[in-house]
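K.L.:
Sequence:
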Amino acid sequence: MSDPTPYILFPGTAREALAFYADVFGGEPQLNTLAEMNRTDGPAEAIAHGSLTGGPVSLFGADAVDEPAFTAEGQMFALLGTADPARLREWFRRLSEGGQVVDDLQLRPWGAHDGVVVDRYGLKWLIGFEGAES
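Just so we're aligned, residue 1487 is where the sequence shown starts under my numbering, counting upward by one.
Incorrect hints may have been included.
Stated by the list, open to error - Just the calculated beta-carbon pair ranges, DEER-fashion:
| no. | residue 1 | residue 2 | range |
| --- | --- | --- | --- |
| 1 | THR1568 | GLU1522 | 13 to 21 Å |
| 2 | ALA1569 | ASN1518 | 40 to 48 Å |
| 3 | THR1568 | GLY1597 | 35 to 43 Å |
| 4 | THR1526 | GLU1619 | 48 to 56 Å |
| 5 | MET1523 | THR1557 | 23 to 31 Å |
Keep in mind that the hints were calculated from the coordinates and are not lab data. Glycine residues also receive a C-beta, built at the ideal position from the N, C-alpha and C atoms.
Input sequences plus hints: build the corresponding full structure.
P.N.:
So this is what it looks like as C-alpha cells:
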C-alpha cells in the first residue's frame, strides 16, 4: 500500500509553489494548464493539475478555480526520519524562507529532534529525526 499524496488547491500560486517545492526537495514539477485540458472555467494559464514527482517528497497541486483554496488548520505534513539529519535541517531552513518558524528544529527531552515551520504557501511541516547528528 502506498502512502497518500497531498493534493493542494492553491489560490492562484500552484505554478510557483510546485517550482518552490521542487527546488527545496528535488524532483520535477509537471504542470498542465486549464487551456491544455480544454477547460474554460478559469484563466487559461491557471494550473488545472500539477505534480511533483521523482524526488523524496511527492505532491499534487492545482489552482483553486471553482473550490476554496487550501487552508491549514489542525494538520501538518510530517517529514519525520525521511532523510538524513543534514538534509532535514536544510529542508527546514528552506521551507522557513518567506514562511514562519513555529517551533525551531531542536533536540527534545526525549532524545529526538523536531521542529515546525509554516512555509510561504501556508503548508505546515513537522520535520525531525531520531538520535544524534553525525
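K.L.:
Tell me if the beta carbons of THR1568 and GLY1597 are separated by a distance inside 35 to 43 Å.
P.N.:
18 Å, violated
K.L.:
Using the beta carbons of THR1526 and GLU1619, state whether their distance is inside 48 to 56 Å or not.
P.N.:
Because 52 Å falls inside the window, the suggested range holds.
K.L.:
Within 23 to 31 Å: is that where the Cβ-Cβ distance between MET1523 and THR1557 falls?
P.N.:
25 Å, holds
K.L.:
Do the beta carbons of THR1568 and GLU1522 sit within 13 to 21 Å of each other?
P.N.:
32 Å, violated
K.L.:
Within 40 to 48 Å: is that where the Cβ-Cβ distance between ALA1569 and ASN1518 falls?
P.N.:
29 Å, violated
Of the numbered hints listed earlier, those contradicted by the structure are 1, 2, 3.
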